[in-house]
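Colleague: Below, each chain spelled out in residue letters.
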Amino acid sequence: MTSASKGSKLHRGRNAAQTRDTYAYEDMNMDGGASPNKLEREELDSVVIRFAGDSGDGMQLTGAQFTHSSAMVGNDLSTFPDFPAEIRAPAGSTYGVSGFQIHVASHDIMTPGDAPDVLIAMNPAALKTNVGDLVDGGLLIVNEGAFTKGNLKKAGYEQNPLDDETLAAYRLVKLDISKHTLAAVAAFDLGTKEALRSKNMWTLGLVLWLFGRDTKNTEEWLGQKFAKKEVVRDSNIAALKAGHAYGETAEMPTGVHIYKVPKATLSPGTYRNVTGNEALAWGLVAASKLSELQLVLGSYPITPASTVLHALSRLKNFGVVTFQAEDEIAAVCAAIGASFGGSLGVTTTSGPGIALKAEAIGLAIMTELPLVVIDIQRGGPSTGLPTKTEQSDLFQAIYGRNGDAPLPVISASTPGECFFQAIEAARLATKYMTPVMLLTDGYLANGAEPWKIPSMADLTPFPVEFAGSETPDFHPYIRDDETLSRLWPRPGTPGLEHRIGGIEKDRASGNISYDPENHHLMTKMRAQKIANIADDIPELGIEEGEDTGDLLVIGWGSTHGAIRQAVRRARKEGVQVSHAHLRHLNPMPKNTGELLRRFKRVIVPEMNNGMLVKILRGEYLVDAKGINKISGQPFKVAEIVSAIHDHLPAS
Amino acid sequence: MTSASKGSKLHRGRNAAQTRDTYAYEDMNMDGGASPNKLEREELDSVVIRFAGDSGDGMQLTGAQFTHSSAMVGNDLSTFPDFPAEIRAPAGSTYGVSGFQIHVASHDIMTPGDAPDVLIAMNPAALKTNVGDLVDGGLLIVNEGAFTKGNLKKAGYEQNPLDDETLAAYRLVKLDISKHTLAAVAAFDLGTKEALRSKNMWTLGLVLWLFGRDTKNTEEWLGQKFAKKEVVRDSNIAALKAGHAYGETAEMPTGVHIYKVPKATLSPGTYRNVTGNEALAWGLVAASKLSELQLVLGSYPITPASTVLHALSRLKNFGVVTFQAEDEIAAVCAAIGASFGGSLGVTTTSGPGIALKAEAIGLAIMTELPLVVIDIQRGGPSTGLPTKTEQSDLFQAIYGRNGDAPLPVISASTPGECFFQAIEAARLATKYMTPVMLLTDGYLANGAEPWKIPSMADLTPFPVEFAGSETPDFHPYIRDDETLSRLWPRPGTPGLEHRIGGIEKDRASGNISYDPENHHLMTKMRAQKIANIADDIPELGIEEGEDTGDLLVIGWGSTHGAIRQAVRRARKEGVQVSHAHLRHLNPMPKNTGELLRRFKRVIVPEMNNGMLVKILRGEYLVDAKGINKISGQPFKVAEIVSAIHDHLPAS
Amino acid sequence: MNAPTQKLTRKDFTSDQDIRWCPGCGDYAILATLQRTLPALGVSRENTVFISGIGCSSRFPYYMDTYGFHTIHGRAPAVATGLKLANPELDIWMITGDGDGLSIGGNHMLHVLRRNVDLQIMLFNNRIYGLTKGQYSPTSLVGLRTPSTPMGSIDAPVVPASFALGAGGRFIARTIDTDAKHLGPVFTRAHEYRGASFIEILQNCPVFNDGAWSHVKDKEIADESQLRLEHGQPMRFGENKGLRLNAKTIELEVVTIGEDGVTEEDILVHDESNKSMALLLANLEPPRFPIALGILYCDTDAHPYDQAVHAQVEHAKATSKVDSIDALLRSGHTWTVE
Amino acid sequence: MNAPTQKLTRKDFTSDQDIRWCPGCGDYAILATLQRTLPALGVSRENTVFISGIGCSSRFPYYMDTYGFHTIHGRAPAVATGLKLANPELDIWMITGDGDGLSIGGNHMLHVLRRNVDLQIMLFNNRIYGLTKGQYSPTSLVGLRTPSTPMGSIDAPVVPASFALGAGGRFIARTIDTDAKHLGPVFTRAHEYRGASFIEILQNCPVFNDGAWSHVKDKEIADESQLRLEHGQPMRFGENKGLRLNAKTIELEVVTIGEDGVTEEDILVHDESNKSMALLLANLEPPRFPIALGILYCDTDAHPYDQAVHAQVEHAKATSKVDSIDALLRSGHTWTVE
Ligand SMILES: Cc1ncc(C[n+]2csc(CCOP(=O)(O)OP(=O)(O)O)c2C)c(N)n1
Ligand SMILES: Cc1ncc(C[n+]2csc(CCOP(=O)(O)OP(=O)(O)O)c2C)c(N)n1
Ligand code: SF4
Ligand code: SF4
Ligand SMILES: [Mg+2]
Ligand SMILES: [Mg+2]
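Residue numbers (this note's numbering), protein chains in the order written: chain A, 1 to 651; chain B, 1001 to 1651; chain C, 2001 to 2338; chain D, 3001 to 3338.
So here's chain A without its partners, still in its complex pose (with noise of 0.2 Å):
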């Protein structure tokens, strides 16, 4: 698969199912780079923006800024940061390149695009890794002033890329921003390496104007950040007006033009952008409101989870307990900790804080204790690729402990959406008294997406009941009759003194039980209350396309947004073909195998080996093949688009 995503940049012309996702593609390819000197503002229906420079740079920042700024006039977006692993990689090298992609439309879009139209590549080495992405025709932007001899070496360029012929196929923009930089901030009496700091700035000022946007908000933004460091704040203000003003004034070479993004139709609402990492955290908050419960966080820092211990942690003056322990086995333990104490627990962390946690986690299925894990994947095996994201923990999260140990496993498919899992995942867990397994991304947890944001007095609450001291013939393991949860009896309730552990215990009495019938019968009971589960679901629903025909594509997790834009490319070309989304991951929706089998032909796209595909065949019996990358990059919509071609039932 990852030889395809490099597709974008082979094909010319019109083949849709293997180019970028933008429709703006045909405006702005210009046979040979040759292109016409209008400066015009152009319209179209989407943009894909990619800025990139050193970890030094500040291209997270500048990013955001301009997602921030997208969603004020109106756009639909979504972003893809993409971190070096470095905290700070030397100046220059390729590793320690940054980059923030953006995708901003004017209809409703999932994906951060396929391609850049646009990039902006702060130094040599921001220019080699990547303008590979950028579509032909595509405008790039280069700080001049940033290659120098040194910095070629170090992107292992023999030869300056702006003297020679490399360039050819795109609209190469050269403008020495350094230079420019200092110029505008001169004024503040900085040294030159503090002055520089701008750089960004000043860039984005120039990209504000070529999307003919003004620099309020972001001079805003920059008074409130700065409002104590008045030099840095004013200097940078200086620095982006300046690039704006360089836009509005200079000569602007041939090729660059405004562009002009409307509006997309959004649903009415009060809209803001949100990570997944953000939107978890608040999820949990609500979850806590909800439940009634006072939330306790036992997490240890990993990336990409970290930003959630972050969040919650800022968030004490909702109740939340957050203890960052000594390592992940210790998170997970203070949180069951928590739940028998009678708090919601919750622990956070990705691929090898869960296989730390395994044990603990069985200690939970056991005990029968409430209890929310998050894995905020990333790639694997072992230390993997830390900053990257990847879909292949899902065999851990659903088979990944000793004994016969079955819990309830849901995914988010957009950042948004962490939000509202989180809630079902406190749901679930404080309903049937189990460990629920939530699975996100390292994409999920750093992109953002316009979020329209959720109302409280919207949302179903869920109050939890402790067993009472009146209860009759009490002891832990009575057990509801229809979610055939047990009982959660509080320390600190008179009457209801009583002991727990990860022995097997009696049916019965609650007590340590050796008895082999008995055991039998727990095992086949726990695995029932969870079975059970697939009663208080949805029913698996169709994202897009009819619920029977040639090909399903069905996916789960971060996949969403580019299966759902490829299936819709997909059927414009007149194919019969459908997306299914899997939010439930164990237990399935109880109408999964029907929906499989309405189709000719199923294929499960994921960012992994294969995993969900191995599963639903073992369980519906249906010959699903797997569309797998593994390469620590979300799919390109094209990706699938041609996948689903090849799939397609010989007709």
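What the hints contain is simulated information worked out from the structure, not anything from laboratory work.
It is possible that part of the hints are untrue.
To be verified - Straight-line C-alpha distance at most 27 Å; calculated DSS-like pairs for lysine-lysine:
(1) 289/A / 2321/C
(2) 2321/C / 1229/B
(3) 1225/B / 3321/D
(4) 2321/C / 225/A
(5) 1289/B / 3321/D
(6) 2133/C / 1149/B
(7) 600/A / 1149/B
(8) 3007/D / 1229/B
(9) 1228/B / 3317/D
To be verified - Here are the computed distance ranges between Cβ atoms for each label pair:
(10) 479/A / 1265/B: 53 to 59 Å
(11) 2273/C / 3260/D: 24 to 30 Å
(12) 2249/C / 1061/B: 22 to 28 Å
C-beta atoms are modelled at their ideal positions from N, C-alpha and C, and glycine is treated no differently.
Given the structure of chain A, go ahead and fit chains B, C and D with the ligands onto it with the hints provided.
Modeller: Okay, now just chains B, C and D with the ligands, sitting in the frame of chain A:
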């Protein structure tokens, strides 16, 4: 399933499918308990005896000695020790009862028998917990002397079952073994407590008589064991002889006859009894020899794996290094460190330990280092049933790690096979530079079988070749074209200095690489390397029956004996059923799918809630059905026979 | 903690479960003493929780008629920390063994001590793995032959009290299973202490390591081999022996009053709050020295972790401007589509 | 260890990998000093191995042209132990951070120290989690605001040297990243020591915890805030200050020579082999005290674990009567079927 396990008690007469696995049944079943008064020796094909008593009563020793003596007279045999979870439970308690079952036969058998024909109960608690398993009409010997008021109460008897009709279905022999023992050792001037310690030897003497054996072997063994404690030795021998003499001279009650089980016709060779854990330890040492590698074991004690650590600790003379680590994580990491250093790193544990080792196993997968991981499964989840057997770690073995992290998984089917599978694990680990998981279980670990001792000369050596200083263009991920296995460069070798780690590495240089395409290819490479092993293992054969037919019973691990006996029995009844047994679980033999499809129906008995069955379904899209028993006890032959009948295609 | 409504007795703290330790196990004595001590502490059953790991000792919670959680091997400190954070009102006793608490659980022990979570931590030190049938433990002496060390152990043992002090523990005590008169008051002091109180209990395992402490406990030699610490009292033991500081070597030395001109004055006076003293006392071992029993160290200046955690929560609640989740979701940049 | 055939230089120990630390990171200085020190130690590249966990510091092995293994978070001590047991000829340097070695890896650190496995253990203490972008670590000071402690940390920090002593460590040193003249000799001493040598290196993380050690390192105050230990020398620092033992409190106190009648004689002389002294020194911290740098403790009586392990193996080989696997399989009861 467990309810069926009591079946042998409920059904009378000749319905073989629902009774126990001996042909002696008819001879012994006396209508309504009446029985001919014959004391002559009765020749039987097989008899199942169970010794049951307090933990302190020495039942394991008694059983082991009886086993030994049976082996010496040439019977085939199979044993099942069943310990309480407590070290020393309070005397007289039901949960402190320790049992040892042994099946002796004149033909080849594979299980310790479904239900005992003879039960020796040393106290009320032992009677209470075991008598339900005794076949109707079975011989029941009880130590009347232990049926005190206190003991009866502890066992939960309201009145003495020896005095009422409770035991009418059995041929009851009440003996005051305590009193007889005291008398036998009176000469030694011991305290009562001390003197009573020999109760088990008195009992053994009686049982030896019952089977027409003399006490010579046991006397020798006592002589060795207590060489330095003369009084203990002599008093035990005195008790032993007294018990034997009692049988010979005392007026035995109605219904007691001498059992004679003729020699089995075993294939020629030198035999010994071996438990799975012993065989495992020896297999590892043999693997060390065959691979020409030093064995380094990193382990942390856990039931039922600890005895492998113990056994290897005694084998330092073979250059074995054993390291009792601070926990399971340190244990596996030390083994990985040893493998990095050029030794054969091995780690042994049970389910909870595997959970803890998951992250480190991922490291070994990523760094492609050989490692043998042995999981001696026990009842789960969590602490579960530590002293009971189960096969519920299969999912964990195959899937329980973060990321796409495949490794070979193999299993042993009998105690003796543990020896060969330990060697196979080491062979695969070193040949393919990968961790290998070997699954056994508590039943194999502690159960003994007569084992034809192999000669080292008959085993194929697989000496490891380390990378040499002269390796051209050396880097650590140079692969063998065929096996896809990387080099093994050993620290200390000049010129091969290199660095490895858990981060993804470049396929060409072995250096850290965050390149998307490289990660995709390396993930595929790691998967392919493991998948290729299917070409290096035997095809799946048929253990019993034809290679096509109505029904295939396919299993793995320690269910082997029960399945094989059951299939044999059903075939005798004319059922068209076959047995196949998987020893390689990942990858599976190449012909597995094809073989499965040659049968109309497939059933998969497992001591878990359905794992192999799910994998077979997903892999081969065959509608296999699970037969599941999760009671911490091995399958009874009758249970599987009954499942066979239930699943026969309608004809 | 709520005061119990009526005076409780030992029986009130005794659960209905059969005790499953071996006959003669030192754990019985500890259990009995604790069950007898709790009523005197005026605690309620419902607010009392026992948290343990895995091991013979860790069966303890089943025998207490309070709340209890028999967790997994080594993790009791983490579970107890989470529980205490969830509900600081609970009175938590943590039970662990030398293997559970110092082998697999050593890291959690380190961190629960340095954080000073308000718990009573009872470490049953029998210098052996009881439950798994007798392998050597981190406190086993060099040379001990066990199933996993048939040629004798070669690992230098951990001294629990030294480890606990190095970890930053602020209440460190040592006592003996069968010495109810010493055990009871130590429990009481540990319970009084607001923070992590670490109690090493020298415990006999008659089955796998019988007599591991007889060089300390045996009647005939107890006087000479036990130093019973009392705050403010000179460190005397045996007939007329005592400990003196050698200021040159900064080491303690055994002296006899009346010999070589040694007087009562020369004997070091125990000061629980002196960490240096505790560091020196922790390492003393027969035969050269008596073993120090009682409260080795008690630092009353430290604050319990759970209190500090909740103080931050309360402060945040009191000062935050974002007072509802709806407001939280709408904080920062938002825009409206009509 | 084999002697290298020719004299090596710093370059020989420098790998071809680009260094991926932030500009200004203290790790550079440590790397440079070690690369310069190794040639002088006369070690060979092929017998030298670097084992690390995960963290910025744990990237170290990639930059050394020796054998190296960048393992997983916290587990370097266990991997290194296994490697040393497999091949005691190897010369192993373990690299870890305050998070890697004292948070997730604290237990392995405890046990590698008490076992005294022959390794050089370098703990880069920047009092922060660098790699994961700045959360507080077990050595962070109370009050530190980080992304996970926005209201300030409330966990009392671990003192690495005190922990290591409590764990039974036998070679304990402390030094400073950028002080090559001090660092080099400490490395040399650690390398000489046969056993686990624990070296805490005060390291600056300019990105997430800049200046964490400036109260110790800054030129202007270094003299007053650093106590440079030398075996057999009085513990003097600053212009004319020194440490004296207060025999009453058993605590060290800062005195000025020439004031209050204090003379050079009163100043405590450093004795590396004195554990009591090490225990007192380990805890000293500015502003009340200078921080103790150099070899705090070195116990030359202890035996390395790996040697003892192999001694047992050799002894078993020499004395066992079962000399082949065939014989092993046939030991005990066997019988023959014909
Ligand atoms: C993860 C895990 N590893 C190993 C075990 C096996 N195990 C149970 S208790 C124990 C050690 C017990 O020793 P200790 O803590 O000293 O308690 P004691 O039995 O001596 O009271 C071990 C190794 C386990 N239950 N879980
Ligand atoms: C199992 C696991 N948990 C968490 C992480 C994330 N992680 C990597 S390094 C680190 C802490 C690093 O701190 P430290 O050891 O002080 O090293 P530094 O970066 O400061 O040198 C953490 C939490 C991980 N890689 N693996
Ligand atoms: S094995 Fe030892 S510690 Fe465990 S219960 Fe028995 S006597 Fe007590
Ligand atoms: S984050 Fe800190 S410790 Fe890590 S490399 Fe950068 S400066 Fe060094
Ligand atoms: Mg113990
Ligand atoms: Mg650090």
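Colleague: Please go over all the hints and tell whether each is borne out by the structure.
Modeller: How the hints compare with the structure:
no., hint, in the structure
1, 289/A / 2321/C, "18 Å, holds"
2, 2321/C / 1229/B, "81 Å, violated"
3, 1225/B / 3321/D, "19 Å, holds"
4, 2321/C / 225/A, "18 Å, holds"
5, 1289/B / 3321/D, "18 Å, holds"
6, 2133/C / 1149/B, "32 Å, violated"
7, 600/A / 1149/B, "73 Å, violated"
8, 3007/D / 1229/B, "64 Å, violated"
9, 1228/B / 3317/D, "26 Å, holds"
10, 479/A / 1265/B: 53 to 59 Å, "54 Å, holds"
11, 2273/C / 3260/D: 24 to 30 Å, "26 Å, holds"
12, 2249/C / 1061/B: 22 to 28 Å, "54 Å, violated"
In this structure, the hints that do not hold are numbers 2, 6, 7, 8, 12, in rising order.
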